[in-house]
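*Asks:* Sequence:
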Amino acid sequence: MAQLADEPRSARLKRVVVGRPMASGELDETLLPKWLALPIFASDPLSSVAYATEAALVVLVAASAAAAHFVFPISLGIAALLAIVVLSYRQTVRVYESSGGAYVVAKENLGKTPSLIAAAALLTDYVLTVAVSVAAGVLALTSAVTALRGHELTLSLACVVLIALANLRGVKEAGVLFALPTYAFVASIFALIGTGLARCATGGCPQAVVPHPLASGVGTVTTFVVLRAFASGSTALTGVEAIANGVNAFRRPHGRNAAATLGILGASAITMFVGVSWLAVHMHARPTATGTPSVLSEIARATFPSSSALGFMYWIVQVLTLAVLVLAANTSYQGFPRLAALLARDRFFARQFTNLGDRLVFSNGILVLTGIACALLWIYDASVDSLIHLYVIGVFTAFTISQAGMVRYWWRGRDPGWRHRLAINAVGASATGLVTAIVIWTKFAEGAWLVTVAIPLIVLGCLGVNRHYRRFSRRLIAGIGAVRAAREPTNEVLLCVDSIDVATEGALWYARKIHQGGLRALLLPGRHTDPGIRPRWWDFAQSEPRLEVLPCDEGRRHAVLEEVWALPRGECDFVTVVVPEQFKRQSLLSAAGRASFRLKLRLLSEPGVVVTDVPAVTPHRGPEGHVPERLAVRVLLSDVHAGSLRALNYAESLGVEDTRAVSFALDDDDSKRFLGAYRRAGVMMPLDLSSAPYRDIGTPLLSYIRELTADGETVVNIVMPEIVVRGWARLLHNQRALYIKRLLLFERHVILSSVPYQLFR
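Residues 0 to 760 in numbering that gives the first Met the number 0 are what the sequence shown lists, from first letter to last.
Some hints could be false.
What the hints assert, rightly or not - Calculated cross-link-like contacts (lysine to any residue; reagent style SDA-like; alpha-carbon spacing at most 20 Å):
1) K106 <-> D345
2) K599 <-> L588
3) K583 <-> R747
4) K599 <-> V724
Rather than coming from a laboratory, the hints here were simulated on the basis of the structure. Computed from a prediction, not measured in an experiment: that's the story for all the values here.
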């Protein structure tokens, strides 16, 4: 991609951290082969062997010292459940090749509310997967390196940030980075299990050393205890859903490759989990009161004692456990952004989540997941014991809804062989539903209540966002007729003045270019206003327009607002407030702290008012005495609706001969959609439609503008529609408008006009 010569330092730093931008047409190059998809999507369930057995043992040992041996039959039950879930999802991904996740399956077969419950459950699980996996990985590190104990939180936060940066560079790049540690971990666990079984078969099982063992109870092992242990050990199933959510990231045929990867995942995870549980029972590995060393660390030390030739294998197991547990969070970095994008596409999340970043990943989802996971780690001090109680509910809720949706799918379709497929998904739905009930029952008081409360709150939030977007869409569509029927617009121009400088010189030239008979210059006196400004203005403006001094007893904003309120405004009557701003240097922080910024922000909420910013970056205080020759007006559009049509009407009211609409299409489909809407709206203004293959319109927009201003005698007035809302809805709109404003604020020979369209009236 052609880079602008004066690309800012922040953009260059982004290139170093994230990498070169990739065009939308390169998406197929990011599709994953099975060998690379496995570590990307399955590192979470593969890594759960490091803590799932221990989670069940904690519950059993706390009840009775003699209960530890129950962990093996419980593990067999969990393994059977994992096999059922994997088999069920293999059917799902073959049917839903774009996305076989619980949200999509439930939406198409069960309806809106069940699909949102599934989505909310998965979102909470993805966040907790990052927090638990990273905290468990750091626990493996501190089990081996005691000097690092007490720094778990700092290490955990650093690991999350590194994983986020890796994912911002792209899915394929993250997979290559994570593949070696994941496969090495699987090999090391198989070596651990094989060596342990061989030693048990030949000379008796070595016994684990358990420093500071967890205090044991003296009661009996009740059904409730067994169910609690089963619920805790079911963390082994987390992450299976990610493959179904990311089916379209696999190479074609998507469904078949995803199903094959699920099969490999299931066989590997079951073998490792059952093997580690068997060794834990026969080597008498037990949880410790401090949480370190872990049960897996005890098994590895007993199997590979430091005095043996294989003693180095202990460190290999520990290092790889740390690596794969930290990388297990990567499963969530594939699932969370994709699910958030699906919700945003259906208008249940802010639409910014649908935006692909420079590396064809959903960058906003990655950043939000990172922020929430870091907050959880900070709140719970990176404690695995505290975080684990929040785990599992979300994923099993999603499992149950997804499998129930597939039962409905087979029942309605009744394709050949539907009965046995329905039976498989029915067994999966029943089994995971039972586990969901068990988890809620056994873990509610221990912290699971937080997730139980969070899920309905997320659902309500999604419904609120959807309701807003539907109302917003109806308003914009309904307003098209009113804008079309409006009479020829009028435009009254108010020029705000507080000094005579380069910016004011440019603003006066612009105001004279666009006014159609109604131009007033308003002096807003302040503490630093030159007392001799009025006679200087007479010479500077050559008597017209006359400078009117406004009383600013109640502040400059109120003074301007009173003038605006006194003028007729509406669909056809515009008031343009021209605000000159002179800067000594390019500083967004300085611009945001100015009184003029607050004035512009307030004026955007006034119906019929257009805010025009005329900036100048120069150390000179006085006017330069040179004005440009030509003014070109460009209306920047991203869609065709009442707000954009109103901006077009306003641009025509300026009476500038060189007036055109301009839009940037992200791809061919986007281009066809926009052209169709533009023609259907009956817009007669000439249109320049350019491409933005890298999804960032900043670079092509600057290139377009600089072609027009290259002669130094042309100023471009960018007219931009801006949707104005209030309250929390501001988060759902105008991100693009804010970006354009930041981008063009210090661009030479550019004047920016915001044409607001209020949706709170």
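*Asks:* It remains to establish, for every hint, whether it holds in the given structure.
*Replies:* Hints and how they fare:
Using a Cα cut-off of 20 Å, the hinted pair K106 and D345 holds, with the two alpha carbons roughly 10 Å apart. A hinted pair counts as satisfied when its Cα atoms are at most 20 Å apart, and K599 with L588 qualifies at roughly 16 Å. At most 20 Å may separate the alpha-carbon atoms for a hinted pair to count; K583 and R747 meet this at roughly 14 Å. Between the alpha carbons of K599 and V724 the distance comes to roughly 15 Å, so the proposed pair stays at or under 20 Å and holds.
Violated hints: none; the structure is consistent with every hint.
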